[in-house]
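Engineer: Okay, here's what each chain looks like letter by letter:
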Amino acid sequence: MWALKRICSERDGRLGLAFTIAILAFALLGPLFSPDPNVLDIKARFAAPGMAHLLGTDNLGRDLLARTSVGTRYALTLAVLIVVISSVIGSLVGIVAGIAGGWVDRAVTAVFDIVNAFPPLILAFALIALYGKGSATFVLLVTVVFIPQFGRMARARARTLRNLSFIEAERMLAVHPGTIVVRHYLPNVAGPIIVLASMNLPVVIAFEASLSFLGFGVQPPKSSLGTLIKDGFVSINQSWWPTITAALVLAVATLGATLLGEALRRVIDPKSAGAR
Amino acid sequence: MTRSRRTAAFIATRLASVVLTIVGATLLLFLMVRLVPGDFASVMLGPRATPELRAQIVHDMGLDRNLVEQLLLFVSRAATGNFGEDVVSHRPILDLVLEVIPNTLALAFSALALALVVGIPIGVIAALKPGSWLDSGLALLSISFITTPTLVVSVVLFLVFAIGLHWLPVAGAGNPGDIVDRLQHLILPSVALALGWVGYISRLVRAALLDTLAELHVRTLRAYGVSEYRIVGLFALKLALVPVVSILGIGLGDLIGSSVVVEIIFARPGIGSLIFNSIAQRNYPVVQACVVFIVAFYILANLVVDMINALLDPRIAAGRG
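Sequences listed follow chains U and D, in order. Counting from 1, one number per residue, gives the positions in the first sequence under the numbering used here. Counting from 1, one number per residue, gives the positions in the second sequence under the numbering used here.
In short, the hints are calculated from the structure, not lab data. Some hints could be false.
With a straight-line Cα cutoff of 25 Å, these simulated DMTMM-like cross-link-like pairs (lysine to aspartate or glutamate) come out [unchecked claim]:
no., chain 1, residue 1, chain 2, residue 2
1, D, 238, D, 211
2, D, 129, U, 168
3, D, 238, D, 215
4, D, 238, D, 69
5, D, 129, U, 105
6, D, 238, D, 228
One chain only, chain U, in its complex shape (with noise of 0.2 Å):
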């Protein structure tokens, strides 16, 4: 509560909070004004909006505010869930490389490097024309590419923590390692985990987007917001409206998603505050 009263008192905070629960409303509320996002309206392809369909229909007169809607739900499951898995992948590696020191923790920086010496979208292109397209092996390979940002913060904070007398203290008096990352490690890292996690969402979200719409993220029949764009693309000659609905809520998805973060950054990390 207090996190969100700190977040409504400035404007970027109150417009991130203000479109995210636009797009989540829209990700949730759109089929309850419209009809099957799969079913074919042959008779009524590329329809204007209108009362039958509100957004209007695709190529094939399925509804586009249904298919808007559930794709924007999915790009979101899948963006959170890639979040997730590589800040948590990320925060262990990090935190045990940190706390190793020496070999290990020369190696994963150097893997961590290495992962970065590659353009990310590059890499994510790379990975999945080796390995698949599945929406499980999309998670896993995009979150290959995110898992380095997590890991060099994690790694960084352990390294300042190990040094820190209160966890020399815990160490002299032999509590266990596993206790004492546990109790000490992994809330401190917690927070500017957290930061970068929601800073790096609308990233993903983008990410996702422009993996799909080259046909390399979510396959039909599932659709997400990149994949409308470029349904929508493909027959840009006979209606404009598909693209532009998606390639919208996306656009204010990502905008929503960064303000949200930067505000949460400057309620959790006020320190970096000062250089906005």
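Chain U is fixed; fit chain D onto it per the hints.
Structural biologist: Using the frame of chain U, we list chain D on its own:
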């Protein structure tokens, strides 16, 4: 240590780490391709597989040798740029890559130039009146630029200016040799690619400029009655640009990475669309060659930028930056 020796030592360390990263990236790329489940030659050729093609692939990629030999072969080829012959077009893979790379570089550099030319003034204007309505409006504008995915910007520009208004060409890179035509074909893709970086650079310049303007030597200048415009133009801006230079390396790499989307939408030949088409054809040797090029370029761009920075700001080489 003297300043120049420190800078030299810094550059040497950076060079060594760059070499290690390139070797590591090549190794990762090699393993990525070789760990694909199934018989590699069949996976790669897919429906094209004939006994002759299979034999050619097995021979070309050294699949009949052991893994270490294969790796050495791969690395030595990557280092010399000899990627073998493409099984689809029967041309050297290097030629395919070199043919399209100028298009991608033109796109990435023009986008970067655009981002600097538009982004720096926006940042300066915002920093001159911090807290004003102009500043907060520009801040929101910059964030919108940053967050709007390149995909969305490309699609909208394509719809409005190419399909709707017919102001600019729809597809391709223009006729070779016809400069005006090529520039016209470059406008929409580079704007699409640059927009996010306009926002990014303007925010960076604003933050850095505000930091610089708060420093003591600027206060001294103000006390001497030097006008704010002279302070910014002659002194502060130069310092504020150091962080901008340091992200240019990341910027170029990112632009080349995102050029895939832009090149597909505007049907522009380039390394992004070459990778995309090669993946669609399961033509992995070409994909591999393209990725080697992109990674090498990405790493080198970062290296060059680091060196420029070390020369500009001696604190970085001393490890205090």
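Engineer: Work down the list of hints and note, for each, if the structure agrees.
Structural biologist: Quick rundown of the hints versus the structure:
1. D/238 to D/211: Distance of about 13 Å is within 25 Å: holds.
2. D/129 to U/168: 48 Å, violated
3. D/238 to D/215: Holds, because 14 Å separates the two Cα atoms, which is no more than 25 Å.
4. D/238 to D/69: 51 Å, violated
5. D/129 to U/105: Distance ~46 Å between residue 129 of chain D and residue 105 of chain U Cα, so the pair is violated.
6. D/238 to D/228: 14 Å, holds
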